[in-house]
Structures are given as structure tokens and as C-alpha cells.
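Work the whole structure out from these sequences, hints included.
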Amino acid sequence: NAGVTQTPKFRILKIGQSMTLQCAQDMNHNYMYWYRQDPGMGLKLIYYSVGAGITDKGEVPNGYNVSRSTTEDFPLRLELAAPSQTSVYFCASRTSDFGGELFFGEGSRLTVL
Amino acid sequence: DAKTTQPNSMESNEEEPVHLPCNHSTISGTDYIHWYRQLPSQGPEYVIHGLTSNVNNRMASLAIAEDRKSSTLILHRATLRDAAVYYCILRDYGGGGTSYGKLTFGQGTILTVHP
Numbered sequence: 451n452a453g454v455t456q457t458p459k460f461r462i463l464k465i466g467q468s469m470t471l472q473c474a475q476d477m478n479h480n481y482m483y484w485y486r487q488d489p490g491m492g493l494k495l496i497y498y499s500v501g502a503g504i505t506d507k508g509e510v511p512n513g514y515n516v517s518r519s520t521t522e523d524f525p526l527r528l529e530l531a532a533p534s535q536t537s538v539y540f541c542a543s544r545t546s547d548f549g550g551e552l553f554f555g556e557g558s559r560l561t562v563l
Numbered sequence: 005d006a007k008t009t010q011p012n013s014m015e016s017n018e019e020e021p022v023h024l025p026c027n028h029s030t031i032s033g034t035d036y037i038h039w040y041r042q043l044p045s046q047g048p049e050y051v052i053h054g055l056t057s058n059v060n061n062r063m064a065s066l067a068i069a070e071d072r073k074s075s076t077l078i079l080h081r082a083t084l085r086d087a088a089v090y091y092c093i094l095r096d097y098g099g100g101g102t103s104y105g106k107l108t109f110g111q112g113t114i115l116t117v118h119p
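Chains S and R supply the protein sequences, listed in that same order.
To convert, count from 1 in the first sequence and add 450; that's our numbering.
To convert, count from 1 in the second sequence and add 4; that's our numbering.
These are computed hints drawn from the structure, not numbers from a lab.
On a predicted model such as this, the values are computed, not experimentally measured, just so you know.
Here a beta-carbon is modelled for each residue, glycine too, at the ideal position from N, C-alpha and C.
No false leads were mixed into what you were given.
Quick list of the computed label-pair ranges, beta carbon to beta carbon:
1. R:N17 <-> S:I465: 43 to 49 Å
2. S:E556 <-> R:H23: 29 to 35 Å
3. S:I504 <-> R:H23: 35 to 41 Å
This is how it looks when you write it as C-alpha cells:
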């Protein structure tokens, strides 16, 4: 049972490049989340999804896009990367139960130069 | 929106109990109170959650006030490995749509444990 898997773990981008952070979970969780964490700061919600085909904005969605075509996968796309997007990105998932525990991936460290 | 308020930082000595408070005065009747922690250079990890009754697990205890407007995470004997940022979170709904699934983290409490 792999849980939540994020790829890549590390990536360096040049300003203006685009990329997709992959997130997959094998727990059949309906809810999935993308958070970013800047150095020394707390987690900020970028986007979340409550099921396949249903996504919504979080606190800091600008510069990102998501899709949820399957229950398992929730990729995060960065368009036109900027230095302000240098951060650690965490994907998480949970059941739709009110008390459902969040399961986190190991994180993806992105640097934009 | 259900919001939480936590102290920015707390300190403890090793082997002593630690009580980490969280205020959530706008909590709704169906909201669970979740606690997570983030060890240095790691991702967040689940600690405990509860609805109304006090809860215990191998990591900690959660004491929930009778009116549910506050809760306290209790580490019975702090160790150096418990030094982390502790987050108390509720669902961040209130915006309609799919906000019932929205979960946001505040700044949390930085716990320092002294040898």
C-alpha cells in the first residue's frame, strides 16, 4: 500500500517554464489537496478536489491549475513559473468522512531560477 | 468559516507533560477537531482527532471542552522528538459549493522541547 505518491521529489525550473507535479493515491479517497509551504511558513491550500471531475480553489490558486479525471490522480500544473513559486509542495488525500484523516505525500521541492 | 487560534510558540522540558491549546469558537456541530504536526524538514503527520469526547491514542490525548469551543492536545511526556509545529484544524467551509471539503492550516504552535 503506497499511500500518497508525489513526483518529482525535486525540480529546478527556469522562469517562464511550465511543469506538472504528479500526485497519486491508492486508498480510494474522494478528497485530495495541494498545499505549498514556503520556508519557515505554514501550509497554504492551493487547490482541492472532492471527487473526480470536481475541483475548487484554495487560498493561493493563482499561477496553478489542476484536474481530477480519476479518483486516484490529482496533478498540479504550474504555468509560466515564477521565483515566487519556489516552495515545497505537498499533496494529501482523505476520505469524505467528517473525521477523515489527511494522508500526505513526501513533498516536492521546486526551485524557480 | 471555521477558524482556529493557537499560540505561536510554547516550550517544554523533556519528560514533562505539554498542553497545547486551540480555540475554535465558530465550530459547527459536525466539525471534527484534527491535530497534525510537522517535524523539521518533514511533511505533516496526523496526531489525533475528535468530535465531542476526549480521545486518546499512542501519540497523545485530546481534551475537548464541553461547549467544543476549545480543545487541548496533551503530550503526556514530551521527548526531544516531539519538537515540531503543531496544527489544530477544522473544515474551512462557509463559502458554499464544495467548501465542505476545504481544509486549511493556520500558523500552528512551534513546540520547543528542552533536554
